[in-house]
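Asker: Residue-level listing of the chains:
There are 2 protein chains.
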Amino acid sequence: MEAAMSDPGAIDPLDAELLAAAESQHDEDDRLKPGFVTAVLDAVEAGDAEAARDLVSPLHPADIADLLELTPSDRRADVAAALGDLVGAEVLSELNDYVRDDLIDALRPEQVAEFARELDTDDAVAIIEDMEEADQQAVLDAMDPEDRAAIESALAYPEESAGRLMQRDLVAVPEHMTVGQVIDYLRDHGDLTSDFWEIFVVDPAHKPIGTCQLSWILTCPRSIAMADLMKREQTLIPVDMDQEEVALRFQKYALISAAVVDASGRLVGMITVDDILHIVQEEAGEDILRLSGAGDGDINEPVIDSYKARVRWLLTNLVTALVASTIIGIFEGTIERMVALATLMPIVAGVGGNAGSQTMAVTVRALATNQITASNTRRTIIREIRVAVLNGGTVAAVIGMGVGLVFGNAQLGAVIAAAMLTNIVTAGLAGVAVPLTLDRMGADPAVASSIFVTMITDSMGFFAFLGLATLAGM
Amino acid sequence: MEAAMSDPGAIDPLDAELLAAAESQHDEDDRLKPGFVTAVLDAVEAGDAEAARDLVSPLHPADIADLLELTPSDRRADVAAALGDLVGAEVLSELNDYVRDDLIDALRPEQVAEFARELDTDDAVAIIEDMEEADQQAVLDAMDPEDRAAIESALAYPEESAGRLMQRDLVAVPEHMTVGQVIDYLRDHGDLTSDFWEIFVVDPAHKPIGTCQLSWILTCPRSIAMADLMKREQTLIPVDMDQEEVALRFQKYALISAAVVDASGRLVGMITVDDILHIVQEEAGEDILRLSGAGDGDINEPVIDSYKARVRWLLTNLVTALVASTIIGIFEGTIERMVALATLMPIVAGVGGNAGSQTMAVTVRALATNQITASNTRRTIIREIRVAVLNGGTVAAVIGMGVGLVFGNAQLGAVIAAAMLTNIVTAGLAGVAVPLTLDRMGADPAVASSIFVTMITDSMGFFAFLGLATLAGM
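Chains as they are written, first to last, in my numbering: chain A, 1 to 474; chain B, 1 to 474.
Rather than coming from a laboratory, the hints here were simulated on the basis of the structure.
Quick reminder that beta carbons are idealized off the backbone N, C-alpha and C, glycines included.
Hints may contain errors.
Computed spacing ranges between beta-carbons, pair by pair [unchecked claim]:
{"hint": "1", "chain 1": "A", "residue 1": "Asp228", "chain 2": "B", "residue 2": "Asp184", "range": "18 to 26 Å"}
{"hint": "2", "chain 1": "B", "residue 1": "Glu132", "chain 2": "A", "residue 2": "Ser73", "range": "50 to 58 Å"}
{"hint": "3", "chain 1": "A", "residue 1": "Asp101", "chain 2": "B", "residue 2": "Gly473", "range": "29 to 37 Å"}
{"hint": "4", "chain 1": "B", "residue 1": "Arg117", "chain 2": "A", "residue 2": "Ala81", "range": "54 to 62 Å"}
{"hint": "5", "chain 1": "A", "residue 1": "Glu175", "chain 2": "B", "residue 2": "Glu45", "range": "41 to 49 Å"}
{"hint": "6", "chain 1": "B", "residue 1": "Pro174", "chain 2": "A", "residue 2": "Ile224", "range": "25 to 33 Å"}
{"hint": "7", "chain 1": "B", "residue 1": "Pro145", "chain 2": "A", "residue 2": "Asp147", "range": "44 to 52 Å"}
{"hint": "8", "chain 1": "A", "residue 1": "Arg337", "chain 2": "B", "residue 2": "Gly473", "range": "20 to 28 Å"}
{"hint": "9", "chain 1": "A", "residue 1": "Glu175", "chain 2": "B", "residue 2": "Thr377", "range": "54 to 62 Å"}
{"hint": "10", "chain 1": "A", "residue 1": "Ser73", "chain 2": "B", "residue 2": "Arg117", "range": "49 to 57 Å"}
{"hint": "11", "chain 1": "B", "residue 1": "Ala51", "chain 2": "A", "residue 2": "Asp101", "range": "51 to 59 Å"}
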């Protein structure tokens, strides 16, 4: 966008054809067509860098990033080299973290520093923060003192905090300025920053006291003072706030940008909504991966990292499966007398596990979106138990009658029905209570809930079914 | 925000204390404190509507919406009545769908029409679209012809399409206008709309040919023509595009607003990013609920609706569990000879199921974010199989040695290890292949994947373990 501003005629109307051609490189879901990707890869392979560049040059940086992600990892460096300066700072900032790390490893520190200089602080930090200590230092050493200071101070904030997300380029004015003065000031200092959506009004101590949308400035007389135009009710983001919390504020209050303040309340930066969209997507998607223990769960993650993240979880799952297995062991005598029980018992455990997952998914989502507080916890638990009783009753009736008929054994039908009802109600209770308890304890409910819930539904499923069968004298 | 513009002095500095008081009603996660909610409920119960209003009036509409959501459903109508006009159109548009439906049922059509009139088209449509046909008609009848026409034409678009999301109030100018002329035009027509972030440049046929950020207008000389300032490369949203696709475009191209065009390419509306944040959150969260079959999975959903959504899934799960059960039935003779097999078999099925969930979660997320295309499908499958082989090898070694030692039976250890490796690799393959196949067939991979994957991992777990044990002559 910066380019479009400084040189608005960059895209000539004559290039419309090229743009249309690029448009035809996308399928209906806005993904690059395989044929297009292959054409670029073939051109690079044939050593025809110019042809590759001709194909790629009409693309948006976000699409060039997609192209590199779709390129097999062992050919990415070649493709990036052939595309030359088409792979610019904006492309890097759009790239998947793993793919970017790959590419950056192949660059010299001066090149990375060059890229970082072209970006807003937040995007530059995103690129540099994942680098190894030594590489990071080399890049910082190659930067201008001013840029370096900005990046270093951002890196001083915790990962995933507002301080890392914010950009320092913003427009702040004193409240006595009039609309006309602000417009004149902006016109004289157009090089400050060009991507901003709101102006912050600050007091002499540089503390934000109001926010003003650009549209208000454009629709009001020049004589109005900022103090009379600005909205005083603002959402200030503490610089150390976690990015997930920042995203929830943006969503709740429908923010486009927000002022970031330090511990003393001074304005130190601004976060804009375009950076928040990524975070909302990531955070909401993370829960699904965490619930299954899939770690970062990115298809670009190195195999060995995926292995390490997942196997840890599978080994934990192995331990909890042993608990359920031990419970079965208690009833070996019963199973020996009636081996059909072994055939039926996984049904009770499995359907219970599914019922637990349902309640758990609902609870984890509600917690992630701040929908559950102490005010409605009790109500939510009661609600889930009511749903569980209805579900349990229905499933129990179906399986009970089915087993009774197929095995010609009404008692066996009654036993499996009672066990199923017990397990689904237990699952409902565990599905809501486990995430709530973890959340109260300050743990992430998405990470550990399913270990506990699965252990509970497996164990209860086997215990209730085999225990009731034993009691019934089978 | 509208209020702040037409009456910028509405919030007096003296009210700062009240604002600070409201601030203290929030916990560190920006949720309303239980004590505050109780205080409001108590005031309403005691018939002191004024005290309730004093407590609530400093709150942001989004917080008033939260308050109503935290109120038990049987008391919501009383609380809303006591709060009177504090529960305005903005509060309604922020409310959870289920809670809003509850409240709106208690309102007369004229009141709903009044609320709808105060809102942008998109928010008004969001309120009206969920109403029953007859109520909807009554509300529309009570509206001004102009508002009614706007809402009716929005309702004519499919649910969850761009046409429902867009607002009609936008600023579009011809390309020959200069920056100065645009500013003068806006100042003379300040009543058009006050919440916009970009200006669309249109040709004489009202087709968008460029977009211009307000910040560019404010930082450029008055004499510059819009044609020279605008960015020609724009992301146009077809009016019938699905909202999930719209959200992906906003995210990919970091958009703040986008022009919506009809089939003939004419500008018919604008979508702003604040409405997209909700959708990104919803869509990303939906997958987690769908994977577990929890339906809409909202804690405010009526119990009977949750029951219907979930029991359907549990009954399906019952059928797939029967498949696994039938496989165990084949090997009843083997189990009778060695009942320890019944104790151990759920471990193989359970850990395999977990491995399948991991791969499935990763694949579903990658599909939802358009990360997988025909260009990298094969690579992704191979990647997942490699992870599965590593995971399977590790878990198989651990369980194999453990069982061998505990049971003092090396053959049993070898059997369970081989079965575990087989099942985890099968799980990896199923976890990536099932969602990909469903996606290719045009089905939502999040909805049905886990039914198939669980069936495969359960069946393969029992089959591999009991089958190998039988082959080994146990």
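Asker: Hint by hint, say whether it matches the structure.
Answerer: Hints, verified against the model:
Separated by about 21 Å at the C-beta atoms, Asp228(A) and Asp184(B) satisfy the suggested range of 18 to 26 Å. At roughly 54 Å, the beta-carbon separation of Glu132(B) and Ser73(A) lies within the given 50 to 58 Å, and the hint holds. Restraint check, Asp101(A) to Gly473(B): a C-beta distance of roughly 52 Å breaks the suggested window 29 to 37 Å. For Arg117(B) paired with Ala81(A), a C-beta distance near 59 Å keeps the hint of 54 to 62 Å intact.
Taking 41 to 49 Å as the suggested C-beta distance range, the pair Glu175(A) and Glu45(B) conforms, at roughly 43 Å. Roughly 28 Å separates the CB atoms of Pro174(B) and Ile224(A), a value that falls within the hinted 25 to 33 Å. As the Cβ distance of Pro145(B) to Asp147(A) is approximately 58 Å, the hint placing it in 44 to 52 Å is violated. Taking the beta carbon of each, Arg337(A) and Gly473(B) are about 24 Å apart, inside 20 to 28 Å as hinted.
Against the hinted window of 54 to 62 Å, the Cβ-Cβ separation of Glu175(A) and Thr377(B) comes to about 57 Å, which satisfies the hint. Distance hint check: the CB atoms of Ser73(A) and Arg117(B) are about 56 Å apart, consistent with the given range 49 to 57 Å. Checked against the given bound of 51 to 59 Å, the beta carbons of Ala51(B) and Asp101(A), roughly 58 Å apart, stay inside it.
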